[in-house]
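> Single-letter residue listing:
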Amino acid sequence: MARITFAQAFADAVYLSFSNDPNVLLIWGSFFGLSQYRSLSDRFRKEFPDRVAFTPTSELGNCGIAIGAAIAGARPIVPVGAASFIFRAWDQIQHEAAVARYMSNGMIKAPVVFHMLHGIRGGGGPQHSQSPQAMLWNCPGLELVMPSTPYDVKGLFRAAIQSDNPTAFLVHPKLLDVEGEVPDEDYAIPLGKADIKRDGKDVSLVATSLQVHTAMAAAADLQAMGVSAEVLDLRTLRPLDRDALAATARKTGRVVAIDDCPPHCSTASEIAAIVSEECFRELKAPVERVTRMDAPIPFSPLLEDYVSPTVDKVVAAAQRALAYPKSAGD
Amino acid sequence: MARITFAQAFADAVYLSFSNDPNVLLIWGSFFGLSQYRSLSDRFRKEFPDRVAFTPTSELGNCGIAIGAAIAGARPIVPVGAASFIFRAWDQIQHEAAVARYMSNGMIKAPVVFHMLHGIRGGGGPQHSQSPQAMLWNCPGLELVMPSTPYDVKGLFRAAIQSDNPTAFLVHPKLLDVEGEVPDEDYAIPLGKADIKRDGKDVSLVATSLQVHTAMAAAADLQAMGVSAEVLDLRTLRPLDRDALAATARKTGRVVAIDDCPPHCSTASEIAAIVSEECFRELKAPVERVTRMDAPIPFSPLLEDYVSPTVDKVVAAAQRALAYPKSAGD
Amino acid sequence: MDKGISRPYALEALEGLLLIRRFEEALFQLWKDGKFLGHYHLYIGQEATGVGAIQALKPADMIFTTHRNHGHLLARGTDPEPMMAEILGRETGLLGGRGGTFHLADPAHNIPHTSGLVGGCIPLAAGAAHRFKSCGEDRVSVVFFGDGAMEEGVTFEAFNIASLWRLPIIFVCENNDPTAQGRPANDRIPGAIAATHLDQIPKSLSMTTQVVDGADLAAMRAAVMAARKACIAGEGPVFIEAVTKGWPGSATQWPDLSKTGRTDLGMAWGAKPIPDSYRTWFEDEDPVLRFCREQVAAGQLDGETISAHDARITQRIAAAVERALAAALPSGARALDHVLAEVR
Amino acid sequence: MDKGISRPYALEALEGLLLIRRFEEALFQLWKDGKFLGHYHLYIGQEATGVGAIQALKPADMIFTTHRNHGHLLARGTDPEPMMAEILGRETGLLGGRGGTFHLADPAHNIPHTSGLVGGCIPLAAGAAHRFKSCGEDRVSVVFFGDGAMEEGVTFEAFNIASLWRLPIIFVCENNDPTAQGRPANDRIPGAIAATHLDQIPKSLSMTTQVVDGADLAAMRAAVMAARKACIAGEGPVFIEAVTKGWPGSATQWPDLSKTGRTDLGMAWGAKPIPDSYRTWFEDEDPVLRFCREQVAAGQLDGETISAHDARITQRIAAAVERALAAALPSGARALDHVLAEVR
Ligand SMILES: Cc1ncc(C[n+]2csc(CCOP(=O)(O)OP(=O)(O)O)c2C)c(N)n1
Ligand SMILES: Cc1ncc(C[n+]2csc(CCOP(=O)(O)OP(=O)(O)O)c2C)c(N)n1
Ligand SMILES: [Mg+2]
Ligand SMILES: [Mg+2]
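Just so you know, the protein sequences line up as chains A, B, C and D, in that order. For the first sequence, position 188 (counting from the first letter as 1) is numbered 188 according to our numbering, and the numbering increases by one without interruption. When you read off a place in the second sequence, starting at 1, and then add 330, the result is the number in our numbering. When you read off a place in the third sequence, starting at 1, and then add 660, the result is the number in our numbering. When you read off a place in the fourth sequence, starting at 1, and then add 1004, the result is the number in our numbering.
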């Protein structure tokens, strides 16, 4: 067990995957964006040169190559860089990777890990700040993993690379230097198991990826106001831990769903819909959604902040849920 | 006023748009798929040959060309054929068309109409049955229009082509031969005005496009069971008529949202989330979602039917909503 | 390059050609009879391309194809019955009825996945080649696609990567519309390509290319054999443009068999007169008649042998149709199988 | 093709070159001082391409550019102050702070929209050309993009359409990495292209092409002038590859001005000795020094004139920086403006 960064834990997981399985291939891109952690990938580049291929800037072709290699028996990883770029490869992911197993009646599989850096990153502007998780959750056949901690990224990546399904593995660049305790040994966290990152009883904050940290900060603020907030990290959206989601909603009766996707048809909308279905009677207030606003992401910081989910907005949403009157007359 | 098909009303609207505005251009594709209505487009092809350009099979380039022409002052229509093909052009629509106005601080505009044939069409299989409306609603900056009747398609197309925003104009191929009364003269239906297609008091069925007809058939079945169902056709998703949605939910207290997108982060999820927010107190049952199941669309008819939203599923959902016990003890 | 073809291979080729022709003719009839719905694409007129190319491959080689795939599977040895059943949406179909005509595939014969999107399989095939190369396996990947796929950016991207990485892949572009190049798109729907010769595009990416008469089975076979050798030798990808004249029944939208009718092979050896309508088709272009004519002329096969094969194959197809029609549709409840693999 | 350039044009060109160089140097300093965050791209080393090309255009022509856009706007006459303000995210920025360095645009000067995605503007520019052509206007569309954009399928698609439709568009590919072609991608990150010469690709699509020394301002100007003429005459698109040696400060990730330092123009006319480090850059490659050196050698401009211009421009940029820094950040509440136009 050592205290390491998210980036280091991620790199360790990729390295372990290369070491443990000769079928793992890397269709080169960028794991760590332009961050200081870029050099972490030198290790697997140097140790497994025959399994690392450098690609042109051609996202659709690169993802297609990975899917084809997977169909032929490999387990490729494609780090596409900013999640925005995945829109160039949308067709191959939706129409080939996600349907390959189904369409073949279970005869073939396409176990690619599509890794991308999603979300509002600070100055990314309208074209480098995309969060495609809502759109990807709307695509049957695709696993969707959104780790929030060093421990989780290692275990979830190990599960994703071993899974026989294509997986979108989304990392927020602001997570890369988050530190945490990570076991030295190999382990996998089963996909579809949510994690209570903080226990609470008054209100449930439900999130993934970076927004788990927004939720944790909001929970600390709420604590100072005498409110006990539970933070549920869903960790993976497909498969979804519906039981854990329903359990926290039942426990507190008040749910705030946080996401940095645009609001309509966001993951927060889906969480709201599921919670309302599962716990209609137990809910004491409508599910609050804290998402990116329905606007492109502007470059300038105050503008960016205004449209982003923030700690203050989560605190305010929790307060609204807590203040929701028991009956119309209250 | 004449009784004509949806396809004819659509063709009339396109023809009127060409006649009334010299800036209207057609970046050729297919309005009517392979249906018998293909020849309806001969009229504008022949009368406005200088404004009709035939494209290669290159969706990303074609949509980009249309967006660029729009930025330079045109009002192009791009019929991309099956909505599935739009995934090839995803990047240009999301990253260029939808953000152009915003990023320029309101100085430029990109008024393209992207027309596509969406949905489960009968034998379309995994790659020709896509319904991208949920993903498109998750894209800020894009209008989203989903007509259900001959009257609506004419008026909504006329509004879409005159709007200064980029618009996704989704038509279900099964609507093409639906008949209805359509005024001969020119008219526009403002975007963002829902339409009550059937008055009712016990339960609200909320839908767009072809699913409005599923809802109408379900309402007829429910009528026979003594249930009065209201059918709300949202007609456009962005802008959304939130008032009309809240009003029907308040009126009946029971809502079934119908969509042929996959379930997670679907338009039905968004409707459920909004209704729960707006009418938490007034809801007598959780919002029921009837969507395509979380699977690719299989080719064979019984398989296809199984995963599709159907009249029977809508009736069953309405019945569940109606049977929902008043309190936990009921 | 020896274009000759010995008797066993000629018989094998004949089998493939006739299987395809009779399969497609039967399929057209099923469609006319309303036995299945939706859009479909016949391989009539291109049989020699698929049969010749696939004869040059080894069983371990992997094949990817398009919406116009029937001929490739039959040439590879896939049983026509589950193919027909798949097109009819039956439980006994190759894919249990999930794919239909657009997506016929046969993993057991190394045809793992067929995309119905123009150009969709081209990067997939390059990916398979990448896998073979990185494992050091002596296998090639082959992808068949239409001239229309040259218009899609994904094709260009896959060409570029294949050439950069020197992948063992053979790109077979089946140009069934050879008059379309270099013409403004306005002359035709859908689209066109600005190259005056399709092979200029892969050439610009430093790829080895060859233009072959796609109706000449022996030439196709020889070209793919040579390409395969080059791939295995590590010389990188080869692009083959297989040019065929469009079959008169290739209507813009729906195939129309009524124009040329069920093929009477007797036209190949004078047992049946050639009609005036579509004379050039029957005399020069139809690749099945051409193969039979050449074999008879060379004295390697005779009309009797060919007719006997034809009768057997026609009978086999008829039986396949009958059994496929008799099979059940898959029941709805199976629809959720195989969306995701079980988590291990 | 006359490569000469008269004194008024030479002075105008000098203005553009120095504006760009001093702007980019100032910008680097701002970044070093932590005045703005994020990734950015300098145009140092490519100034002669942008200035020469844009000098050949008319005001009504439309320009599209990329992530490396600063030089194109300055060459077009955009005021440096709102450019700097935009990069600093200020309210007074060209786009009110919505775009930042990736997206600098200036609709008033017919640079309507800048994509930061590789190849993103190429079909947009073709679309504008299509609009001009269908209106019968005598305008051309010009799009600047990097050699990396040749790897994207969208570029190929736009080339094909532009060629098929004979659109009045000039594709200016700024190849600042001329050693990358024809090499396996494994030699470098990111990627590469399998063509041994970039212009093979547009050539394969029947496009007129020309390779120009991008550091030779007069050559660029002449090439674009000729291309513009061809476009207006309806001869269809022209592809120009402008080749420049990479500026030593073009690090893979972040520009590094410390290598070549603030440019001392005296090196162009011997007033300042050329240092040993990066000698070839200063002696042969730096397009600003080269232009000054050639003008002085030809006797058209002298060191004094150039220095006077430089002092004025340096001062202008300093003032722009100062005012941009003093401007306010746009307040959050403006963030929802202009998402959608009001419905009419
Ligand atoms: C991405 C995509 N765009 C459009 C289509 C519609 N489509 C189906 S077949 C076809 C023509 C293909 O022509 P070609 O590649 O020459 O094949 P052929 O049918 O001639 O064998 C088109 C455009 C599609 N299937 N996929
Ligand atoms: C679609 C897309 N993929 C990847 C990137 C990341 N990216 C930014 S600049 C760049 C390299 C571009 O090289 P080139 O076009 O030669 O331009 P240069 O920076 O050399 O001027 C890349 C890959 C991007 N912006 N867009
Ligand atoms: Mg073709
Ligand atoms: Mg470059």
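There may be inaccurate statements among the hints.
Taking lysine-lysine pairs in the DSS-like style, the calculated list, with each CA pair at most 27 Å apart, reads [unchecked claim]: (1) Lys527/B - Lys439/B; (2) Lys284/A - Lys504/B; (3) Lys439/B - Lys251/A; (4) Lys504/B - Lys692/C; (5) Lys376/B - Lys284/A; (6) Lys439/B - Lys1062/D.
Keep in mind that the hints were calculated from the coordinates and are not lab data. Remember, predicted model here, so these are calculated numbers, not experimental data.
> Next step is simple, just say for each hint if it's right about the structure.
Evaluated hints:
1. Lys527/B - Lys439/B: violated (34 Å)
2. Lys284/A - Lys504/B: violated (42 Å)
3. Lys439/B - Lys251/A: violated (49 Å)
4. Lys504/B - Lys692/C: holds (21 Å)
5. Lys376/B - Lys284/A: violated (62 Å)
6. Lys439/B - Lys1062/D: The given pair, whose Cα atoms are some 23 Å apart, holds under the 27 Å limit.
In summary, the structure is inconsistent with hints 1, 2, 3, 5 from the numbered list given earlier, while agreeing with the others.
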